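S.K.: Quick note on UniProt numbering: the sequence shown kicks off at 1 and runs consecutively.
Keep in mind that the hints are not guaranteed to be accurate.
Below, a list of computed lysine-lysine pairs in the DSS-like style, where the Cα atoms sit at most 27 Å apart [stated by the list, open to error]:
| no. | residue 1 | residue 2 |
| --- | --- | --- |
| 1 | 198 | 277 |
| 2 | 288 | 243 |
| 3 | 258 | 288 |
| 4 | 258 | 228 |
| 5 | 243 | 138 |
| 6 | 228 | 198 |
| 7 | 48 | 138 |
| 8 | 93 | 78 |
| 9 | 258 | 331 |
| 10 | 626 | 615 |
| 11 | 16 | 48 |
| 12 | 243 | 168 |
Worth flagging that the hints you see were computed from the coordinates, not collected in a lab.
Owing to the predicted nature of the structure, the values given are computational and were not obtained by experimental measurement.
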Amino acid sequence: MIQQNKYNEELVEFLKTPLQSHQVLHIKLNSKQIGIISAQDLGSALAKCINLSNLTLELSFNQIGAIGASDLGYGLAKCINLSNLTLDLRYNKIGNEGASGLFSALSNCINLSNLTLNLRGNKIDDVNALGLGYGLSKCINLSNLTLDLCFNQIVDEGTSYLGSGLAKCINLSNLSLLLGFNQIGPMGALGLGSGLEKCINLSTLTLQLGSNQIGDEGVSGLGFGLEKCINLSNLTLQLFDNKIGTMGVSSLGSSLAKCINLSFLTLQLGSNQIGAKDVSDLSSALAKCTNLSNLTLDLSENQIGATGASDLGSTLANCTNLSTLILYLYKNQIGATGAQGLCATLANCTNLSILELNLRWNQIGDQGSSCLGSALANCTNLSNLTLLLIDNQIGATGASDLGSGLANCTNLSILKLYLAGNQIGATGASSLGSALANCTNLSNLTLYLHRNQIGAAGASGLGSGLANCSNLSNLSIDLSGNFIGAAGASGLGSALANCTSISNLLLYLNDNKIGSIGASDLGSALANYTNLSDLILYLSDNQIGDQGASGLGIAFANCTNLSNLTLYLRENQIGDQGALDLGSSLANCTILSNLELHLQTNQINESQNLKVKCKCLKSKRLVYLKINFSWW
Numbered sequence: 001m002i003q004q005n006k007y008n009e010e011l012v013e014f015l016k017t018p019l020q021s022h023q024v025l026h027i028k029l030n031s032k033q034i035g036i037i038s039a040q041d042l043g044s045a046l047a048k049c050i051n052l053s054n055l056t057l058e059l060s061f062n063q064i065g066a067i068g069a070s071d072l073g074y075g076l077a078k079c080i081n082l083s084n085l086t087l088d089l090r091y092n093k094i095g096n097e098g099a100s101g102l103f104s105a106l107s108n109c110i111n112l113s114n115l116t117l118n119l120r121g122n123k124i125d126d127v128n129a130l131g132l133g134y135g136l137s138k139c140i141n142l143s144n145l146t147l148d149l150c151f152n153q154i155v156d157e158g159t160s161y162l163g164s165g166l167a168k169c170i171n172l173s174n175l176s177l178l179l180g181f182n183q184i185g186p187m188g189a190l191g192l193g194s195g196l197e198k199c200i201n202l203s204t205l206t207l208q209l210g211s212n213q214i215g216d217e218g219v220s221g222l223g224f225g226l227e228k229c230i231n232l233s234n235l236t237l238q239l240f241d242n243k244i245g246t247m248g249v250s251s252l253g254s255s256l257a258k259c260i261n262l263s264f265l266t267l268q269l270g271s272n273q274i275g276a277k278d279v280s281d282l283s284s285a286l287a288k289c290t291n292l293s294n295l296t297l298d299l300s301e302n303q304i305g306a307t308g309a310s311d312l313g314s315t316l317a318n319c320t321n322l323s324t325l326i327l328y329l330y331k332n333q334i335g336a337t338g339a340q341g342l343c344a345t346l347a348n349c350t351n352l353s354i355l356e357l358n359l360r361w362n363q364i365g366d367q368g369s370s371c372l373g374s375a376l377a378n379c380t381n382l383s384n385l386t387l388l389l390i391d392n393q394i395g396a397t398g399a400s401d402l403g404s405g406l407a408n409c410t411n412l413s414i415l416k417l418y419l420a421g422n423q424i425g426a427t428g429a430s431s432l433g434s435a436l437a438n439c440t441n442l443s444n445l446t447l448y449l450h451r452n453q454i455g456a457a458g459a460s461g462l463g464s465g466l467a468n469c470s471n472l473s474n475l476s477i478d479l480s481g482n483f484i485g486a487a488g489a490s491g492l493g494s495a496l497a498n499c500t501s502i503s504n505l506l507l508y509l510n511d512n513k514i515g516s517i518g519a520s521d522l523g524s525a526l527a528n529y530t531n532l533s534d535l536i537l538y539l540s541d542n543q544i545g546d547q548g549a550s551g552l553g554i555a556f557a558n559c560t561n562l563s564n565l566t567l568y569l570r571e572n573q574i575g576d577q578g579a580l581d582l583g584s585s586l587a588n589c590t591i592l593s594n595l596e597l598h599l600q601t602n603q604i605n606e607s608q609n610l611k612v613k614c615k616c617l618k619s620k621r622l623v624y625l626k627i628n629f630s631w632w
């Protein structure tokens with residue numbers, strides 16, 4: 001009720017203004033319980049804003065309904081001077097009647113050059129897609145259009161109507177059309193492709209058709225339309241989960257090869273029916289796009305196997321102008337052989353500066369990881385690297401060889417390495433740390449190594465290596481579930497104190513049997529991080545008790561530059577005294593402005609909760625405090 005009253009006050013203030021004087025207007029009322037009456041008032045007011053040229057209405061997640069949307073449409077139809085319109089009506093139950101009113105209004109806004117229309121999740125069907133197509137056909141001056149109709153009830157006929165409307169928008173240069181999670185089949189995709197082929201001035205196109213049923217015939221039709229868009233330089237196609245197989249992939253590849261001006265391509269084909277031969281055909285076609293500089297290719301959850309991965313690598317080696325390459329190949333059973341074939345050719349992509357490889361759940365093992373390391377050793381221009389190798393049966397040898405390759409990437413400034421769920425052990429972790437010490441330009445490092453049997457020696461060895469990365473300013477390490485114990489926590493914390501440039505630190509150390517001594521020692525080490533301003537520390541399920549909580553608090557009081565602190569201390573046998581001591585010490589953090597404490601499932605009496613909060617609130621500069629004592 002308070003939110004509703006606040007909105008009414010805002011609306012009243014808006015209505016008091018001289019409506020005809022508005023030329024630029026931005027109204028943001030998302031999730032404000034706006035109903036039909038408020039929408040009607042707003043529509044009536046907009047009808048009087050006849051001089052509006054720029055309008056943004058953010059009204060998502062309300063209860064406007066069909067009548068409210070129609071009344072908004074009535075108001076918009078009077079704004080004939082609009083050149084820029086953004087209308088966000090996501091999840092408002094406007095249905096067919098409401099959509100009809102809105103789309104009729106569009107046909108009057110003939111001066112629009114920029115239009116963003118978000119009607120996601122509104123139960124719009126084919127009939128109103130016809131109305132939208134008609135409305136768009138009147139907006140012949142449109143140069144930039146974003147249309148989001150995901151999660152509606154549009155099928156083939158409605159999609160074809162949209163295509164027909166877009167065909168009249170011959171001045172479009174930028175188009176984002178989001179139609180995912182509808183019920184579009186082959187004929188709808190064909191109709192859409194026929195419309196797009198008339199948009200010959202398109203330079204940037206984003207087409208989201210994920211989770212429909214367009215199949216081989218539909219994707220072929222889309223491809224034929226794209227061939228005519230000869231000015232395309234930036235293309236994003238999201239076609240995941242669409243029952244696309246051999247014929248569709250081959251046809252799409254042939255069409256893309258004719259888009260000779262493409263420099264940026266994102267192609268999402270995950271969760272289809274793509275095999276090894278299909279990948280070979282597709283990658284051969286992509287190799288003909290000689291101007292490609294940025295490629296994102298998602299083939300996750302298909303059946304490309306070792307042969308497909310190897311063929312993909314061989315062909316991509318011909319894309320010599322690539323500076324950014326992102327490959328999602330998880331759950332494809334590529335194995336060590338596929339990883340070797342894929343990575344062997346990375347060395348030829350000498351211009352790569354940004355690389356992301358997602359090979360999760362592919363059983364690449366030590367051999368595949370070693371081959372990846374050898375390939376990366378030749379990518380000397382890499383500055384930004386992300387490797388997702390989770391659950392791949394990689395051991396100490398694979399981790400060490402991977403690290404050896406990374407040691408040659410001396411220009412790396414950003415590295416994200418996800419090796420969770422492998423078996424790298426203490427030796428692998430230590431070797432990784434030693435190798436990364438050679439990456440002297442690293443400023444941002446993310447290491448996710450949980451569930452790897454690293455132990456105390458591995459944690460300390462990893463820290464000792466990273467201690468030489470003197471330029472690190474942002475560091476995230478996940479060692480959860482690795483049995484590092486008190487010695488490992490202390491060794492890791494003490495070693496990282498030598499990274500004197502660290503200002504942002506995220507440590508996941510849950511479930512490690514650190515205990516009270518380990519927690520206190522870790523805290524004491526963190527007190528030596530002289531530039532640390534932001535710290536997020538996960539220490540849940542570590543049996544730190546009162547002594548550990550008190551020790552952490554005393555240490556944090558000495559972190560003189562700490563301004564943002566988040567502590568997860570769940571399931572740690574902390575009692576009243578430990579919580580109170582922690583609160584008292586944190587009050588001495590002289591420049592702390594934001595504090596979050598998660599203390600669920602401990603032994604703190606409810607009667608002490610307020611006392612703990614009061615102690616924390618004594619921190620002089622604190623502006624935000626959140627303490628969770630329970631899960632609800």
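S.K.: Taking each numbered hint in turn, which are not upheld by the structure, reported in ascending numerical order?
M.R.: 1, 5, 9 and 12
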